[in-house]
Structure formats: structure tokens, C-alpha cells
Amino acid sequence: MERCFPFQTSVTVYKAYTRVESDANTIARALTAQTAETDAIRFLVGTQSLKFDNQITNEPKRLSSENRVLTCAAVWRMPPEWESGSHESPDDSSNNPQTLELLCHLDNTAHGSVACVLWEPLGDGKRVISLAENHVLLWDLQESSTKATISSTATLEGKGQLKFTAGKWSPHHNSTQLVTANDTAIRGWDLRSMSQIYCIENAHGQLVRDLDFNPNKQYYLASCGDDCKVKFWDVRHINEPVKCLEEHSHWVWSVRYNHSHDQLLLTGSSDSRVILSNMVSISSEPFGHLVDDDDLSDNEENQQEDKGKEPLQDSIIATYEEHEDSVYAVEWSAADPWLFASLSYDGRLVINRVPRALKYRILL
Amino acid sequence: MSSATTPPDSDPTGRRQVHSMLKLYYGMNEEGKVESLDPCDINGPHFDPEVYLNKLRKECSLGELMDHESCTVKQIRSLDSDMQTLVYENYNKFISATDTIRKMKNDFKKMEDEMDCLSANMAAITEFSAHISGTLQDQHAQITKLSGVHTLLRKLQFLFELPARLNKCLELQAYAQAVSAHRRARCVLQQYSHMPSFRGIQDDCHVIMEQLAQQLRQKFRDGGSSAKDLSECVELLLQLDEPAEELCDKFLSHAQSRLEADLQGLEAELIDSLVTDTDILEFIDRGCNEFVSNLCLVIASYQELFINHPQEGELLHVFVDTLAARYFSLVERRIQEEKGVGDNSLLVRALDRFHRRLQAISKLLPGSAVPSQGTEIVVRAARERIKQYLSALQTFYHDSLTDVRQALAAPRGATSKDATPSLPELLTSLSNFILNQLKSVLASVHLFTAKDITFSNKPYFKGEFCSQGVREGLVVSFIKFICQSSRQYCESAGDRGGSTPPALLLLLSRLCLDYETSTISYILTLTDEQFLVQHHTPVTPVTALCAEAREAAQKLLNHYVKVQGLIISQMLRKSVETRDWVNTIEPRNVRAVMKRVVEDTTSIDVQVGLLYEEGVRKAHSSDSSKRTFSVYSSSRQQIRYAPSYTPSAPMDTSLLSNIHKLFSERIDIFSPVEFNKVSVLTGIIKISLKTFLECVRLRTFGRYGLQQIQVDCHYLQMYLWRFVSDENLVHFLLDEIVGSAAHRCLDPSPMEQSVIEVICERG
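If you're matching them up, the sequences are chains U and X in order. Numbering of the first sequence is given in our numbering, commencing with residue 1 and proceeding in unit increments. Numbering of the second sequence is given in our numbering, commencing with residue 1 and proceeding in unit increments.
Hint data in this document are derived by calculation from the structure and do not stem from the laboratory. Since we're looking at a predicted model, the values are computed, not measured. Quick reminder that beta carbons are idealized off the backbone N, C-alpha and C, glycines included. Some hints here could point you the wrong way.
Claimed, not checked - Partial pick of chain U residues on the chain X-facing surface, computed with a CB cut under 7 Å: (1) Ser249; (2) His250; (3) Ser270.
Generate the whole structure from the sequences, applying the supplied hints.
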């Protein structure tokens, strides 16, 4: 378990094992990586508290702030001085609280509490989707991002109380697809017509908690839920999952594909564990083994290496048990594909690296 | 003189002494007798009178001498008289011998005369005999010649009469006679065919025989006649030098047409049997009696007829094989119709008969593949039968599970408790049903290996049938099927929302566990004993099956925990999610859902207790039910912790809760449970409380909302500790719930412990 990182890049990495300590009783639930930043490794942590102003620490330029309790969502601007990428020491929490500039509220009081807010994955960041109760709201941000207007909506109809629990904006298909989860079902939406395109009923035995798209395979989707399972779907064949993992011993709250190596999959669960798995068989990487040209040059050495490489099967790489309370969010770093963070209820943020042996095996 | 020396009283020995003396006289000296050299021995050869006399004179008195002298005189006298008698006797004998010799001389002279007379007579007879034979010589030669002519004439007469006779035979249809007559004449006619008269006869015969052959062929071709007639026909035709190959073909084609008629009859019955439901034994009987026996007859007569044509054997084999193949296909079709598994003995008997009758063919036609093919059919039928039994067992298992399911579904509301069987009763009846069914199936299958069944001593039925068929194919497969289907209950129900009643899961889990502990080994031992299984091929060991059963039992029990936990979880989740916790009123009661949770847990406890043992639990503290939550409990603690919900001292709680967590073990929520009641209940309660915790964390609470949670948790604490193995677990989770609720509370002012207790005891 790596707790201290050798700093291989010029970028400062925050203490690997940190607590969101701006306030002692901070309860943190949201975590995201700063996607626009490519040099510095930054994670944003959303806290959840009633009395105090909720904080988003280590802010990037823009982020989607999400608050499950309050029924509103807002767009914030990063403090401009951070844009320079100045190196902060992790210990200087005293000078840390720099306020965000509130750009605008997504005013959706008519539609109930917001479950999640999604940025458009590609493009110029002018569009935002929020999921509120049983509504899908597509927002357009004005030029300066100071004003947001609803451009289109869709509503999930059905019997009983329907509430979205999670959603994901597909990075494929020119950002025209959205996938949402409510109860045990997963639904796909076409944003152009705002209509449902597919529905996986009973995707999980119980509530679906999170979804993620494979960044390299456009039809592949991972989902997780209260039945302790992580399932992989090919949305063209929705009758059966492609694969099913059952490693956690309680609800799985978060699932994330690595952005560049989609065989690496991160899951966080309320059994306080974070599991990093290697799903070679359903990744975009060629399954089995490819012999590169330079591999052929020195045969003998490589044959041994091949033998070592062979058992690169679907497997769990590591189980991280630093957290002592439920882990609600996991996220890969946007800047360093081998770095990831996980956040637990008690506000502890743990940053870990992919084991080096595996990293070299994937790279070489 | 010897008698003088013998004592007077030794009369019986006197005669012998005479003999020995005579012997001595004639030089026949007795061996071994030592002659005494004593000159005083009066009987010895060296007797010296002088010495003897002197000796007497010296030794004896006068009286003794006198006596001796008189005795000696007496002896001398008797010797003299003996001598005299002997001489007279010899003289008489000599005279009579002389008389006899004289008489013989006279007799011989007479005989010589008679012999002379005889030889003269014999010479006369010889002379006469020579004379007579000389005169009879001529006549003898003539008689011999005449008798030769006579036989020739008779033969000729036979020949001349032949055409007429043949005609007559033809009219009377006495073909055999005709053919034998013709055969007798044929060679002669052939030899003298250069003579016109014979030629005529031969031609006539030819015509007639042609006609006869024609008629025979006609008769042969008609085919209406019986097999015996047919073979007679063929025999006659063969004698008429018809070509054998052609006859073979014809014979076989006729036989084929008749056998095919049999087969068609069978086929018709096969189709009939589907409608009229005649049993397989009848069908096989008919097949054996008609087809197989006719086939045997054909084979026998063929071999008798064409014994000299070995190359035709091939033809027969092909013929038999093709017909047998059709017969077999019919039989197999019929066997396949036999789907009912009720009575196996009928099928076995039918197969036995089928097999037995085919043995006749193997005797008649040693190289034939037919019997082995027949055995294969029997083997296939047996295999098929095992498969049918397996599927029947599986259906039975499913049916009995459905029954159990209905029994479980029916009871609670409709009928009173005593009317419906309890879980243990259901379990025993289910396992007894299954075991009995399995036993009866084993008994049915056992018929295949019975001693009086002909095919039971085939290697297949001795070895593979028992081990691969019955043990592996039937028993092991069935046990595996039970485990498999049990596991399916876990998997299907998990995704489709628990269609299986939890009680059934519990029941099956116990069933599988029982199988693991005893039933499997019992069943396999029973099988091995009944079938005397010799394991030539590797078979599934008991331990592997037991492991599988145990795995299934574990899976079922885990699933049971999951399902029951889920049911309670759903209740708790709904109750948390649907309530407005900010604007709730001050708690006066424990919420109904908590009571429901406790009730359900109690009923689960009872349910599990019926099938599983109690299990071990950690020792309770004396006031388990009275324990209060650490965060709010004692007044001392309250002073310490109460401020933790004010902004002024925010560090304490998280620090304390972390310290607490540091020392408590990590809880695996959906972890495998052990096979006992406490472990099962612990699992269910863990799942429920964890759900409660997670739901609470997602809500916002008002002051009274928090207090309500406090009350609820205290209530749960009061009742749930007794079910679990380690009460600290419940405490820990409930602490967490209250702590989390406090975190999410807008106005965290907790309720007084005493008030909570009052409310809970009242509720």
C-alpha cells in the first residue's frame, strides 16, 4: 500500500493519505477530478453539511458542484490565482479557504431535488445536464456562464415514485447520449429527441448506484448497485450483462473506468473498501498478447517475459482498506492516469497509485 | 535189523523208519541228517557187532543181557516176516503187468486192418467227384450268362417304362420319386445316347423332366407353400442340376418376401400399439415368434441346402443382416415408445426375451453380427432407461418441491397452525419422499442385472452399466442435480426479486446439509452394495459430492440471509425515505415499523430455530437490554459528548468515533454464515442495520427527527441483542446510526436517556 509517493513528475502531489480537514465534522460525499487541468493533479471534494457552507476544496477552473441535500445546483468559477497552477503545500489548510465565485444557480425548484449534475464531456462546456427527481434537464450556459437556461427536458413516466439515482453523459456519439439509473433499471436517452432509447430492467437486484462509460468502447457501460455487484453491459445486447463482479461485501457506490487504460476499473463501496480491478477481457486493449516489433529483437528475454505476462487475466489488482467508513466516491486523476483518489464518509481522502509492476506491464 | 534198535513202545514211528531205511537203501540220502558214526548204533552204517557185544557184556548184568537177547531175537523174527510179505506182493504185481501187455498186443493188430479198408474207400470217392464236375462244367457257364441277360433286360425294361413312369409321377405330383428314378437312369441314358432307341427315351425323359422342373419352379415361384415345401423344392431342383447361385437368390428372395410380410405385420402392430396400448412384451413376443423363428428356419434350411456352396454364405450373411437391421429398427422404435417409468420389469423381460431369441441365430450362424447388434440394442435401451429414470427423478423432485412450496404458501392465514405441517415435518417428508423414490428407481434398474436375465452377464451390464450407468448416470447425477437446482434458486431469485419463499431456501439448505452429512454416503453405499459396483473407470468420490452439497447448502443459507435481510432492509429504507424528518413531531412512541422489524426478526428466529441448532454466542453482559448508546448514555458521557454537536468542539466526535472504529473489527455485511441459528440471525440483522445507517446518512433531520431515531434505535437495541452472536455488533451499528443522524441534524439536541427508556418500555 503506497502511502507516500515518489514524486516522479514536477507536479506536486498532495499527501497520499489526507483528510478533508477544513472542518472536523465535515462529511464528504462528492469527489471529482479537475478535468480541464492537465498538468497538476487536483481533486475536488464536495462536502455535505447543513450548518456550514459546503466547501469544495482544491478547486479547478470549473466544476460541477453537487449537493444532495440542497435542492439547488450551481456553477462556480475557480479562483483565478489558482489557474497559474501554483504549488500548494497540503498542510497550509490555514490559507486554503479561497472562495469560489458563484456564477449562476441552476434554478430548478420546480423539478425537485437534484440527484446529479453532468458537464458535457466534450465541446466547449456550454451544456449541463441535471437530474432532478424524475426529470432530465438540459441547460445551456450563456456566454459568461452567468446565466443558465433550460433548453430541453424529459420526464420519466411510470407507476410509483420514480427517482433518478445516477446518470452519465456518454462521451461517444458526439455527446448525444445520456444514461440514467433509477431503482433497478438503467435507461439510455437520446439528447436530440430527449427520448428513451433503451432500458435495462432489473439491471441489478437492488438499487443502481452509479454508472460509467468505457471511454474507448462506445457501447460498453459499467454499473454498480446495492446488490454488491459491478456489472458490465453491452448496450446493444441488454438482456444479459457481459460480465459481473461480486467482490464487495456491501453496496457499491461508485464505479470508474480509467480514462486511458480502460481495463483498470475502480470501485468504492460502503464496506469501506476500494477495489482496483483489471478487466482485460472486456477492455479495448487487445486481449491475450501482442508481440511488438522490438519484442522480437531479443527473443529469449522476451519469451520469459511473455510467460510472466500471460496471466494478465481479469483479476483484482488491489483492495485498499485505508478507509474506516463507507466509501462514497472514487475518481481517477485527470492529469496522471496512474493516480486515483477515494473519499469516505468521514472525510478521508485517500490517493493511491496503480502498483508499479502492473503499470509497467500495461505500458511495456 | 533197524526195528531191533527201535524201542518197543515207538510203533507209530516205526513205519517212517521203514521208509527212511528204504530211502537209504536206494541211495536217496536224507540231507541234513547227521549219520552217526557210533559203532554201537545198531541201525547205523558203521555198526560193529564186536564192539557192541563187548560193550553189552561190560555194561550189563546177566539179567539185562538175557532181556536184551530175547528182545533182539523178537526183532529179528518180525523183520524176517516183513521181508517175506514184501517179496510176495512184488511177485503178484509183476504177473498182472505181464498179462496186460499181452492183451494190448492183440488189440492193435485188429485196428490195422480197419485202417486199410478206409483208405481204399476214400480213393473211390475222389474218383467219382472228379467225374461229376467234369460233366457239369458247360451248363454252369450257360446259367451265368442267362442270369446276366435277365438283369440287363430288367434294366432295359425300366428304361423303356421310364417316360411313362415319370409321367405318372408327374400326374401324382410325386416329384421326389420322379427325380430319384430319373437320376438312376440318367447315367445309362447318357452313356448309350448314340443308340437311337435310347436316344428316344432320353429325349422323352428330358422333355418330361423339363416339364417337371418347370412345375417345380412354378411351385417355387408361387411361394405360397410352406418353408418346408420350399426347401424340398429347392432340394429337388438342386438334384436336377439347376444352377445353385440362381436358386440361392430365388430362395432368399422368397424367404425375404415372407419375412417382410412378418415385418410388416410387426410394423402394423407397432402403429397399432400406439393406439391400443399393447405392452412391449406382447410386441417382442410376436416379433420373436414370427420373424425370428422364421429367420432361423430359413437360415437352417439354407445351410442344409447349400452346404456345398461355401461362397453363398456371404449372401446369407448379407440377407440376414439387412432383415435383422429392419427388425432392429422396429424393435428400437417400439422401445423408444416405452416412456412410462412405472413398471420396468415388463421392459426387462421383453428385452430378455428379445436377447434370448437372438442367441439362436448366433448358434446357427456363428459369424453373424446380429446377436451383438441385439446386445447393443439392449445396452442402448438400458442407457435410455437410466436417462428416463433420471429425468423422472428430476421431475419428481421438482414436483415435491412445488408441493412443499404450496404447503409453505398455504398455511399462515387460511388454516390453523396444527393443520399444516411444520418445517421439520416438511423436511423429513421431503427427504423421505426423495429417498424412497430413489430406492424404488434403484430397485427397478436392478432388474437389468438380475441373475435370470440372459444379458446380465454381458460385460457391459457387469461393469459399465453398474458404475457408469447407475452410479454415475443415475445416482450421482441426481445428487448433482439437487445441488444444481438448489443453486439455481439462489441465482434466479437474486435477480428477479426473490420469487422463492425464504422458508423454502432454508428448507433446501438444511436438506443439502443433511445430504452432506449422511444421505449421500448412505445412498452411494446402498448403490454400491446393490450393484456390486467394480470401479474400472474413475468415479465421483463421495467427498466431492459432499463438498458440492455443502457448498450448495452454504449458498442457500447465505441467500436466505440476504433475502430476509433485504425484506427487513426494504421496510427500514421505506420508513426512512418516505418520512419528512425535518418537520416531524416530538416522538411519543416507537415507530410501528421498528416493532414490525422486531416481530419479523423474532419469527425468522423461530423459523430458523426449527431447522438449525442454536450455535455459539459471546457471553452477554448482565444488562444487555438495558445498555444505552455510548454517545448519549450516562450523564458523565453526556457531558462529554453533548457539546460535540455544537460547532464549538467539532473534533471530539470524529476523533472518538475513529478511535472506536480503530478498535472494533471491520464488519463484513454480506459475509457467509455458519450453519446455526445465531449466525444466520446475526447476518440478517447486520444487513438490516447497515441499510438503516446508509439511509439515515442521506436524509436531513430536524430536532425531533433525531430524537425519533434515538428512540427507534433504543428499541431495536432492547430486542435485537438476544439474536446475535456478538451484541457489540448491534451496539456499534446502532451507535453509528444515531451518530450519523446527529451529523445530519439541523438542531442536534438529543433526548434524555430516561425519557427514551420510558417511551420504549411503554411501546
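**Message:** Taking the earlier hints as the rules, which of them does this structure contradict?
**Reply:** No hint contradicted; all consistent.
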